[in-house]
Each structure stands twice: as structure tokens, then as C-alpha cells.
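Trainee: Protein chains in written order, with UniProt numbering: chain L, 1 to 351; chain S, 1 to 351; chain W, 1 to 351; chain B, 1 to 351.
Don't read these hints as lab results, they were simulated from the structure.
There may be inaccurate statements among the hints.
As the list makes no split between identical chains, a pair holds if one copy fits it or if it spans any two.
As the list claims (entries may be wrong) - Mimicking DSS-like on lysine-lysine, the simulated pairs with C-alpha atoms at most 27 Å apart in a straight line are:
hint, residue 1, residue 2
1, K110, K8
2, K7, K194
3, K117, K226
4, K117, K283
5, K194, K66
Small disclaimer: the values here were computed from a predicted structure and weren't measured.
Each chain is listed here by its residues.
Protein chains: 4
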Amino acid sequence: MPNTTGKKIKIGVIGASGYTGADLIRLAACHPGMEISALAANTHAGKPLADVFPHLGFVDAPPLVKAEEVDWSSLDAVFCGLPHGTAQDIIATLPESVKVIDMSADFRLKDTSTYAKWYGREHAATHLLEGAAYGLTEHNREAIRAARLVACPGCYPTATLLALLPLVAAKLVDASDIIVDAKSGVSGAGRSLKQNILFSEAGEGLSPYAIAGHRHAPEIEQEISKAAGANVFVNFTPHLVPMSRGELVTCYVRLAGSHTAADLAAALAERYAGEPFVKLAPKGTLPSTQFVRGSNFCLIGVYADRIPGRAIVVSTIDNLVKGSAGQAVQNFNLMFGFEETAGIAQQPLFP
Amino acid sequence: MPNTTGKKIKIGVIGASGYTGADLIRLAACHPGMEISALAANTHAGKPLADVFPHLGFVDAPPLVKAEEVDWSSLDAVFCGLPHGTAQDIIATLPESVKVIDMSADFRLKDTSTYAKWYGREHAATHLLEGAAYGLTEHNREAIRAARLVACPGCYPTATLLALLPLVAAKLVDASDIIVDAKSGVSGAGRSLKQNILFSEAGEGLSPYAIAGHRHAPEIEQEISKAAGANVFVNFTPHLVPMSRGELVTCYVRLAGSHTAADLAAALAERYAGEPFVKLAPKGTLPSTQFVRGSNFCLIGVYADRIPGRAIVVSTIDNLVKGSAGQAVQNFNLMFGFEETAGIAQQPLFP
Amino acid sequence: MPNTTGKKIKIGVIGASGYTGADLIRLAACHPGMEISALAANTHAGKPLADVFPHLGFVDAPPLVKAEEVDWSSLDAVFCGLPHGTAQDIIATLPESVKVIDMSADFRLKDTSTYAKWYGREHAATHLLEGAAYGLTEHNREAIRAARLVACPGCYPTATLLALLPLVAAKLVDASDIIVDAKSGVSGAGRSLKQNILFSEAGEGLSPYAIAGHRHAPEIEQEISKAAGANVFVNFTPHLVPMSRGELVTCYVRLAGSHTAADLAAALAERYAGEPFVKLAPKGTLPSTQFVRGSNFCLIGVYADRIPGRAIVVSTIDNLVKGSAGQAVQNFNLMFGFEETAGIAQQPLFP
Amino acid sequence: MPNTTGKKIKIGVIGASGYTGADLIRLAACHPGMEISALAANTHAGKPLADVFPHLGFVDAPPLVKAEEVDWSSLDAVFCGLPHGTAQDIIATLPESVKVIDMSADFRLKDTSTYAKWYGREHAATHLLEGAAYGLTEHNREAIRAARLVACPGCYPTATLLALLPLVAAKLVDASDIIVDAKSGVSGAGRSLKQNILFSEAGEGLSPYAIAGHRHAPEIEQEISKAAGANVFVNFTPHLVPMSRGELVTCYVRLAGSHTAADLAAALAERYAGEPFVKLAPKGTLPSTQFVRGSNFCLIGVYADRIPGRAIVVSTIDNLVKGSAGQAVQNFNLMFGFEETAGIAQQPLFP
């Protein structure tokens with residue numbers, strides 16, 4: 001049901017000192033139905049937002065506080081931008097009345113042993129797992145609308161699954177032979193201090209990382225397997241690109257039967273017709289991260305391969321928007337009855 | 001008077017294939033009171049906007065046409081993003097009923113001989129010059145509200161004058177000894193093909209350019225002289241910085257009398273109190289282009305110099321927003337009775 | 001035979017105003033056995049080198065002249081950095097006494113119909129084609145030593161073939177199922193003015209390009225097919241990365257028989273043992289373009305895939321050095337009896 | 001006296017895990033007269049160099065050890081790339097037989113109270129201070145040749161003093177009114193983990209920092225004052241530029257008497273005639289960091305100001321080469337009788 005009350009929804013942000021938290025605040029500040037009522041960030045508690053993110057220095061928002069100081073029951077919704085592992089502990093303590101949009105990894109994997117293996121700890125809030133809706137908006141709207149807790153997908157899974165799920169589900173491609181060569185801007189690595197993301201280390205250079213071992217691989221496999229109706233492994237090979245924002249996956253797929261690249265394109269076009277944010281690249285445009293920067297768009301293109309029987313599917317998003325905070329707002333809009341585009345209709349920032 | 005009709009203003013953009021045109025369209029697409037009714041760009045006439053700017057491929061806008069094909073009388077307002085020299089010729093032909101917000105340099109300089117000297121041609125629309133309001137919003141609101149033609153300042157003058165005009169006018173600094181060391185992102189050089197703005201030439205490097213000969217120098221001098229009540233020369237030394245957006249001026253000023261840097265800061269704080277877009281950097285924050293990227297903010301800081309009797313004033317904007325399209329929208333809002341922040345309230349995009 | 005005369009080799013550079021020409025001059029200036037005797041660049045004839053490349057302003061070199069003004073017979077060797085198509089025409093006119101190291105694409109493809117198809121013109125110097133040695137140094141030393149004309153490989157083929165040729169030749173991988181996801185810095189696109197390589201277009205963004213249609217694909221296929229003993233198609237998908245230098249290919253291969261990724265690594269380690277420039281990445285280091293920047297090194301790593309029966313081979317070079325001018329000097333050293341590392345022993349420039 | 005023995009000089013590097021240490025190793029690896037005999041880096045002791053700097057993974061060098069494990073008496077020369085404060089403590093313990101080229105700040109300031117004020121600790125090796133030669137090569141050759149300990153200047157002072165010292169000494173400019181607007185690549189901030197030098201923070205942005213409070217200010221003032229014969233303050237305002245390497249200072253000077261910008265240019269040209277590394281920019285070339293990247297060059301230009309009686313002097317270097325490791329090698333060459341250009345004759349790396 002549409003939100004017609006005109007009353008603002010009181011939101012809180014946990015993990016307000018990270019990049020996903022910051023981008024959520026950026027979007028919230030211009031959202032017609034949000035009021036920023038609490039910002040929690042334990043290591044920066046007591047500081048005004050301007051101290052932590054000078055670019056948000058003139059947003060109407062309260063100072064940062066410790067999570068335990070927040071009166072959660074006064075809030076309607078909480079966005080969680082904490083690192084995996086810590087998110088579940090706080091979320092488990094929130095009152096039932098608060099709807100939760102989690103941007104962390106904690107409620108994405110349905111299998112707790114897979115979670116434990118990839119995230120290095122037992123899941124401590126398994127009672128919330130089943131009810132958590134996977135927040136890939138375009139593929140799960142009804143569940144998201146009804147959920148109290150939405151687990152927003154990782155950035156890489158968002159770009160990958162939007163491109164591949166319809167193709168796998170329609171059995172247009174062989175789910176057991178999918179290669180995802182992924183490229184991400186450095187903001188995807190977060191704001192924690194690490195040597196490899198210093199400007200002088202990551203600049204003017206391209207580096208693969210976490211080959212065959214990235215945590216987004218099991219998430220992608222979970223959803224691809226579900227669509228395929230069979231457990232599959234997916235090659236997922238990420239690379240760090242010298243840019244702050246943007247993510248692009250180049251997916252190499254084997255065509256099923258006598259299908260062609262054009263069939264894939266047609267299937268995607270049909271699947272996403274009318275979607276406000278997921279778009280097929282028009283003829284003459286190759287999906288590039290520049291063309292979605294700062295926006296909630298996902299841009300997809302399909303191309304024939306030189307190897308007979310293969311095709312190439314390219315998908316690009318802004319990792320912090322459609323890959324995180326933007327999709328979180330999109331889900332919020334569903335959960336609270338706003339226009340799905342409310343607060344996230346900005347066009348990309350180019351150049 | 002406020003615009004309360006709810007009717008959208010029909011706008012046209014001339015020079016829609018340049019960066020300022022693109023940023024204007026980006027902002028217009030989300031403006032509550034604009035309808036994009038015409039896009040003119042002679043060299044790309046006939047193409048959909050998506051072909052020229054893929055990032056704007058999903059904006060609701062007509063295809064590009066030649067300027068002579070537009071029925072200007074059907075429009076309410078025209079934004080002009082043409083290069084200097086060509087702008088005046090088209091603007092001179094527009095019907096009186098159309099209000100014009102010019103982002104080119106053609107109506108900024110009041111002295112036609114200065115114009116001819118710096119822009120290499122005689123001014124051909126001198127009858128429009130006198131009525132043209134200089135569009136430095138915070139310093140000329142009444143004239144802008146009343147004007148039919150607004151000449152938006154150059155990007156460098158915007159950053160520089162917002163910082164210095166109040167200090168010069170109050171005689172806090174010596175107007176004859178002002179040094180402006182300016183730094184700009186590469187988008188300031190436009191989209192025309194030039195070797196020095198190729199990625200491999202401008203990347204990973206910093207270059208001064210147009211030393212003592214940049215066209216924004218006479219514009220700065222015109223306004224500083226007016227505020228000072230005397231003709232002065234201003235040192236203006238621009239540098240090209242390996243980033244797309246952003247502009248920062250570091251101004252070195254000699255303090256008048258026994259004034260201090262703190263006096264300057266206080267004067268600016270008072271002058272801009274309540275302004276939605278011009279802000280003094282809070283303690284602990286140095287103005288940096290990152291903190292205003294993609295937004296209409298101008299961020300200013302004042303610092304004591306090691307040399308006694310001197311101070312340093314730093315000012316930063318996004319060259320395409322407050323330095324061009326954003327300020328143009330801000331002026332449009334004044335001219336058509338919208339909230340001054342309508343369509344340009346976005347927070348900066350960081351990281 | 002080693003060059004023990006101490007006499008310098010007189011070299012000329014054709015196409016001295018492009019990036020490969022510039023990097024050749026950069027290396028030649030410090031080579032112990034080269035004397036730069038002629039620089040040809042038709043569009044810049046008459047200018048000192050400093051005007052065209054200020055960074056080479058203090059190199060001891062003659063001014064640029066038109067190709068027809070050069071007395072080729074006074075030279076011992078000519079490096080050609082012209083664009084494809086024009087290179088063959090000049091090379092065909094050079095006296096027999098001059099050895100030619102061609103960095104263009106004109107003598108790489110042995111099949112003239114393939115050349116005509118991909119380069120849009122008939123080959124006009126087919127009499128030179130057969131004698132032209134393919135200049136992938138580590139795989140063709142004897143032919144290069146003996147050749148009068150060496151066709152240096154493209155940058156992408158160099159990175160790709162160094163990684164894959166030994167694996168294909170030893171039938172460790174399935175030659176008909178090779179996917180090469182390639183990433184290049186912008187200098188690979190040359191110095192000609194094109195909109196997509198402007199700083200503001202290519203910066204802060206990642207773009208695929210020439211999907212399934214890049215001219216390096218047939219070159220890679222020619223050499224892979226030769227090693228495989230069968231004609232194969234190879235997927236080759238390049239991407240433009242916001243950095244000036246550097247190239248990295250991520251190759252996805254299907255293992256033959258019961259071979260493992262470790263087998264591939266062992267085969268490469270054995271093949272390149274003792275090579276001064278081709279190196280296996282030590283444990284703990286992922287090949288990254290930063291680690292070879294400005295040097296003649298090629299760094300290769302092999303990794304197991306999550307998909308059973310597959311492996312990932314990563315290879316990185318500096319596109320202008322090992323991918324062009326550096327390998328050209330390496331071949332020159334072989335042809336003229338110098339130490340193979342002469343003039344190209346510089347360590348990478350990091351950060 | 002020239003080094004004609006052919007025997008290699010055994011060198012050690014203290015602080016081998018920082019950027020200046022790495023660049024020293026890079027240059028040493030190709031120096032005709034150096035043998036890398038010891039690498040000390042306490043926090044990385046026990047690791048091979050490849051673990052700390054993969055780009056140097058194939059240099060012939062011993063693994064890193066703790067400083068106390070080195071047998072200093074077996075070495076001929078030690079380069080010190082430690083942070084200020086820690087450098088003096090180790091240098092004080094080195095045997096007299098070892099010549100020391102210090103790239104830290106510890107022996108640059110002659111006045112110990114100034115040192116204590118700016119570096120936050122008392123100087124603990126004042127007995128070495130007097131004998132320490134200030135290593136601005138072109139201005140102090142005789143002292144450097146004779147010294148046991150050379151204190152290489154900071155990167156900013158190098159660029160600034162090479163441009164200004166001759167002008168101040170000849171009284172062509174007013175030493176009490178010098179403004180130095182400085183711009184540096186991010187590598188100047190070192191390899192320690194700090195938030196503001198993360199790629200996503202420093203990228204696509206320009207930030208002033210340490211306004212009126214940078215430690216290179218007193219160093220510049222010390223040398224300018226000495227040349228002027230009077231104590232002066234100098235404005236020194238640094239900015240962080242989104243590039244890894246490169247440094248450029250734009251100096252705003254007041255002309256003394258009736259001198260002109262041309263007089264300054266002539267004085268510099270005369271002063272540096274014949275210098276291998278310090279060059280006046282030829283007509284048509286503006287000094288830019290790109291043109292000296294990776295090289296030991298300093299490129300200087302002089303320009304008339306729009307303000308009568310003022311001039312602009314621009315100077316650029318690679319902060320890690322002429323600004324640190326390269327100048328250190330240049331001084332080493334003087335100290336050990338090598339050609340002054342030995343090991344540092346590389347041309348700049350562009351693009």
C-alpha cells in the first residue's frame with residue numbers, strides 16, 4: 001500500500017562511519033520520506049557527522065553515538081552498514097517494531113555452515129535467517145515488501161545476478177560453466193586502513209585479488225544454483241581497478257542448446273521491460289561504469305563470442321548505490337510504501 | 001514571487017553535447033519544475049541523447065536537433081552551454097518571451113573592448129549586455145530575479161569571487177596584491193579533442209597552463225575592481241589536476257591595516273550566514289574538492305600565513321555544478337520563483 | 001655473436017611522435033650501444049623532439065624530419081612505430097642493409113587474407129612477410145637473431161602468449177576453450193585524439209571495448225593455433241582501465257585430462273627458468289600491473305578455479321615496454337649481438 | 001677523484017620498506033658501482049624483499065633484517081630512509097668508516113631548537129650536525145664530496161630552492177615576500193596507513209594540507225635566509241594531488257628594483273648552464289610533473305605576472321627521485337668519485 005500519510009519515517013544508520021553508511025546518509029538526506037534520527041558508529045561516537053565525513057557536514061543529522069545509546073524503539077527503520085559478523089549481533093537486539101535493511105553479509109547466505117566457512121564464525125542469529133528476504137529488488141519484490149528484515153545482496157552479486165538469473169532460470173545458458181571476471185573500484189574495499197588500497201599502491205595499476213576465494217562467490221552460487229535447480233560452482237575472479245566507484249562484471253557463458261546471444265538479449269529485455277533501474281544498453285553503447293556512476297542504474301549488454309556456442313554478458317553498477325545503499329533505499333521504499341524510485345532517481349554523474 | 005502554479009517550465013538547452021550542457025540535463029531531469037522540451041547541438045543533430053551521453057540514456061528528453069529547428073517561442077527558458085563567441089549569436093535571435101541563462105562567457109564582461117581582446121572577436125550583441133545580470137547568485141539576487149538574461153560566471157571566478165568579494169568590499173585585504181593559485185579538474189577544459197587532456201597526457205601529472213593569460217583573469221579583475229572601487233590586476237595562475245571534476249583556488253592576500261585572518265573568517269561567516277550553498281569549512285576540515293563533488297556547495301576556509309600581514313583564503317567548488325550548471329539552475333530558481341535549492345539539493349558524492 | 005666492437009649502432013625511429021616511438025627513444029637514450037641518428041614523424045617534421053615530447057627534451061637526438069628526408073643507408077637499424085597499414089609502405093622502401101624492428105601490426109599476421117579482413121587493406125609488402133620473424137623473444141630467439149625484419153607482437157598477444165603458449169604446446173589445456181579477459185591502460189589506445197580516451201571520459205571508469213572484434217584476436221589465434229596444431233577461436237575481450245600504462249590478461253582455461261593448476265605452474269616455471277624477463281609470481285604475490293610498470297618484465301601466476309577442471313592464468317606486462325618498445329630493444333639486442341638485457345634492465349617504477 | 005678501481009661499493013639501506021628506501025633500491029639495482037649488501041627494516045625483518053615490494057622481487061639483494069643484525073663495518077655506505085627522529089639514533093651508532101647519505105629530515109636543520117620545535121623531540125646527535133653537508137647537490141658540491149654525512153633535502157625544499165636560491169642570492173627578488181604554492185603526489189605522504197591517503201579519499205580530489213605548518217617550511221626558510229643574509233618567513237602551502245609521483249611548486253615573487261621576469265630566467269639559465277639535471281623549460285613547454293616522472297630532472301620556468309613588479313617561478317621534480325633517492329645517489333656519486341649521472345641517467349617515464 002502506498003505511503004500517503006506524509007509522515008516521515010524515522011530512520012537510524014548503524015555503521016555510519018563506513019562508505020556504505022555514508023552513501024546511505026547522502027541518499028537519505030534528499031529522500032522525501034526519511035528523517036535521519038540516529039547515527040551509530042562506535043569508534044567515532046561523540047563526533048558530529050562533519051568530523052567523520054566532511055562532505056556530509058551540512059546534512060541535518062544528529063551526531064554519532066554508540067549503538068547502545070540509541071533508543072531503537074523510537075525508530076521505524078534501521079539501515080545497517082556494519083562489517084559482516086558484527087551486524088548480526090546488533091540486529092538480533094533490535095525491537096521487533098523496527099524494520100531492518102541490512103547492507104552487511106550476515107543474512108545473505110541461507111546455509112549456516114557455508115556462512116561459518118566463509119565468514120569465520122558461527123552464525124549467532126539463525127532465528128532471523130529464515131525470515132530474512134534476499135534484497136535483490138527486481139527478483140524478490142513481494143518478499144521484500146512483506147519482510148521485517150531484508151538482506152541486501154553484495155555489490156558483485158547484484159551486478160552478476162541481475163545479468164544472469166533470468167538466463168539461468170530460462171535455461172538459456174549452462175549454469176555449470178559460468179565465468180565471472182569482475183572489476184571493482186577501490187571503495188568496494190571499504191574505509192579500513194589497508195596497504196593495498198593506499199592511493200600510491202592502488203593507483204595507476206590493476207590487480208586481481210581473492211582469486212577463487214572471494215566471499216561473494218558462495219552468494220552468487222547460492223542464487224544461481226537456486227535458479228538452475230542444481231548446485232553449481234561459479235568462477236568469480238575479482239580485480240581492483242584504480243577508480244573509487246563502479247563495478248563491472250564480464251560474464252562468459254556457454255549457450256544452452258542452439259540459443260544465441262540475441263536470444264539472451266531478448267530474454268533480458270523482456271524480463272526487465274518497465275524496470276526503472278535495470279536497463280539493456282542501447283545499440284552503440286557498451287556498458288561502462290562511468291555511465292552509472294552515482295546512480296541506482298544497472299546497465300547490461302549481451303555479445304556474441306568468437307568461440308562458437310558461447311556468449312558474453314556485461315553488467316555494470318555503482319557498487320555503493322545499486323550495489324549497496326541505493327538498493328537498500330529501493331527496498332526501504334517497497335517496505336514503507338513509497339514510490340520505488342523515491343530518493344534514488346538521480347541521473348549518473350558524468351564526467 | 002513563489003511559483004505555485006504547479007505547471008512545469010518548458011526549458012531548452014543549447015550546446016547539449018558539451019559537459020556543461022550534460023550536467024544541466026542531469027540536474028533538470030530531477031528538477032521538480034522543469035520539463036526538458038528541446039535539446040540543440042548542431043554537430044550531433046538527429047541523434048538521441050543516449051548516443052551523445054550514454055549516462056543520460058534514460059532521461060525523458062527529446063532527441064538533439066539543430067538550433068534553427070527549435071521553436072523557441074514554445075519555451076519558457078533556455079540554458080546556453082555553447083562555447084563563447086557562438087553563444088551570443090544564438091542568444092541574440094531568441095524571442096523576448098524566453099528567459100536566458102547563459103553559461104558561456106559572452107555576457108560576463110561588461111567592457112566590449114576587454115571582451116574583444118580576450119575572446120578574439122567583436123561582441124555582436126552589445127544591446128543585450130547592459131541588461132544581462134551577472135549570475136553570481138549570492139551577490140546579485142535582486143538583479144537575477146528581475147533579469148531576462150543572466151550571464152553565469154566562469155567556474156574559476158565563482159570560486160574566487162565568493163571567497164574574496166566580501167573581503168575586498170570591506171577593505172579587509174589589499175585589492176592590488178591578490179594572488180590566486182587555481183587548480184581545476186580536467187572537465188573544465190571541455191569535451192573538445194585536445195592532446196593535453198588525453199588520459200595518458202593529463203593523468204598522473206600536474207601542469208600549470210595559461211599563466212598570466214587565462215580568460216577568467218579579466219572577469220575576476222572586473223568584479224574585484226568593482227568591489228574595490230579601483231582598477232586592479234589580479235594574479236591568476238591555473239593548474240590542471242588529474243581528476244575530472246573539482247576546482248580549488250588558494251588565494252594569497254595581504255591584510256589591510258591590522259586585520260587578521262580571523263577577521264576575514266568572521267567577515268565571511270557573517271556574509272554567508274544562512275546561505276544554503278556557501279559554507280565556511282568547520283574547524284578541522286580543510287576545503288577539498290572531494291567534499292563538494294557533484295554538489296552545488298562552495299566551501300571556504302581562511303588561514304593565517306607565516307609571513308606577517310598575510311593570509312590565505314581557500315575556496316572550492318565543483319566546476320560543473322556551482323561553477324556552471326548548478327549555479328545556472330540556482331539562478332533559474334530565482335527567475336521562476338522556485339525554492340532556491342530546488343533540484344540542486346544533492347549532497348556531494350564521496351568517495 | 002656478441003657485439004664486442006664498442007661501435008655504436010646507428011638507429012632510426014619511424015613514427016617518433018607516437019607513444020611507442022617515444023618509449024623507444026626513452027630506452028635508446030640509455031642503451032649502451034645505440035646512437036639515435038634519425039627520427040621521422042611526418043606530421044611533426046621540422047620540430048625538435050622537445051616540442052613533441054617535452055619529457056625527452058634533453059635527449060641527444062636530431063630533430064624530427066619527414067621519412068623521405070632520411071638517408072636510410074647511413075643507418076644500421078630502424079624501429080618502426082607507425083600505425084598499421086602505413087608501416088609496410090615505408091618498410092618496403094628501406095635498403096636491405098638496414099635491419100628493421102617493426103612495432104606495428106603489419107608483419108604479424110602470416111595470412112594475407114586475414115590481414116586484409118582485419119586491417120581493411122590488402123597487404124602491399126607480401127614479399128617481406130615470409131622472412132619476417134615473429135618477435136615474441138622468448139619463443140623465437142633463433143629466428144629473431146637471423147632475421148632482417150622482426151615483427152614485434154602486439155601488447156595483448158605478448159602478455160597472452162607468454163602465459164599460454166607453453167601450456168597449449170604441452171597440451172595441458174584445451175586450446176578450443178580459452179577465454180582471455182584483457183585489461184589495458186589508456187596509452188594502449190595511442191596518442192591520436194579520440195573522445196573515449198579523454199581524461200574526463202576514461203578516468204574513474206572501466207569500459208569494455210571491441211568485444212569479439214579486436215585486431216589482436218586473430219594474432220593470438222594464429223599463434224595458439226600453431227602451438228595447438230589446429231585452428232581455434234579464442235575469446236578475447238579487452239577493457240579500458242583508468243591508468244596510463246599496464247596490461248593484464250586473466251585467462252580462463254579448461255584443463256586437459258587430469259591436469260591441475262599446479263601442473264600448469266610447474267610447466268611455466270620450467271619453461272621460463274633462467275629467463276631474465278619472464279617470471280612466475282612468487283607465492284604471496286598476485287601479478288599486478290604496478291609490479292611491472294616501466295619495466296620489461298612479464299609476471300605470470302596460475303590459480304585453481306572453483307569450477308572443477310578449470311584453471312586461471314594471469315599475466316601482466318607494461319604495454320609500452322615488454323608489450324612494445326622494450327621487447328623491440330630486446331630483439332635488437334639479439335640481432336646485433338648485445339647482452340639481451342642491455343638498455344632494458346631497469347626495475348619497475350613503483351609507486 | 002674519480003673511482004677507477006672497478007670495485008663495487010657495498011651499500012646498505014636502512015628503512016628499506018618505505019617508498020624512499022624502495023626507490024633507492026630500484027636505482028641501486030642498476031647502478032654500475034653499487035652492491036646491495038644489507039637491507040634493514042625492523043618491522044619486516046626476516047622477509048625477502050619480494051614480500052615487501054613485489055616490484056623489486058627479482059633484484060639481487062639480501063633479505064630484510066633488523067638494523068641491529070647488520071655488520072655495518074663491512075659496508076662502505078649507508079642510505080637512510082627512516083622517518084625523522086628514528087634516523088638520528090641509528091646514524092649515531094654507525095662506525096666512522098661508513099659514509100652516510102641520510103634521506104630523512106634529521107640533519108637538515110642546523111638550529112637544534114628549530115628542530116625540536118618542528119619535530120617534537122630534542123636532537124640526540126648534535127655532534128654530527130655540524131659536519132653534515134646539506135645535500136642540495138647543485139649548490140653544495142664541494143662540501144658533499146668531502147662529507148662523511150650528507151643530509152639530503154626534503155622533496156619540497158629541493159624543488160623550491162633550486163628555483164629560488166639563485167634569485168635570492170643575486171637579490172633579484174624580495175626574500176621577505178615569497179609565496180610557495182606547492183603540489184605533491186600522494187607518495188610524498190609515505191607508506192604508513194593514514195585515512196586521507198586511501199585511494200578513495202585522495203583520488204579524484206585536491207586537498208590543501210598543513211597550511212602554514214609544514215615541516216619543510218623551516219627548512220626552506222633556513223636556506224632562503226642564508227642566501228638572503230637575513231631571516232625571513234616564507235609562505236609554503238602544500239596541496240595533495242591525485243597522482244602517485246611528482247611535485248610542483250608555483251612560486252610567487254616580488255621583483256627587486258626594476259628587474260623583470262626575463263632577468264630571473266637569464267639568471268637561472270646562467271646558473272644552471274651545463275648542469276645535467278637542472279634545466280630551464282624550453283619555450284613552449286610549461287614545467288609539468290609528467291615531464292620529469294621517474295627521473296632525476298628538475299624543470300624550471302619563469303613567467304611575468306599580471307601584477308606589475310611580480311613574477312612567477314615554477315619548478316617541478318619527481319619527489320622520490322630528485323626529491324629523495326635520486327639526489328641521494330647523485331650525492332653518493334660525488335662522495336665516491338663516480339660520474340655524477342651514474343645510475344640516474346634514465347629519461348622520464350611518459351606517458
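Trainee: Output the indices of the hints that this structure fails to meet, ascending.
Mentor: 1 and 2
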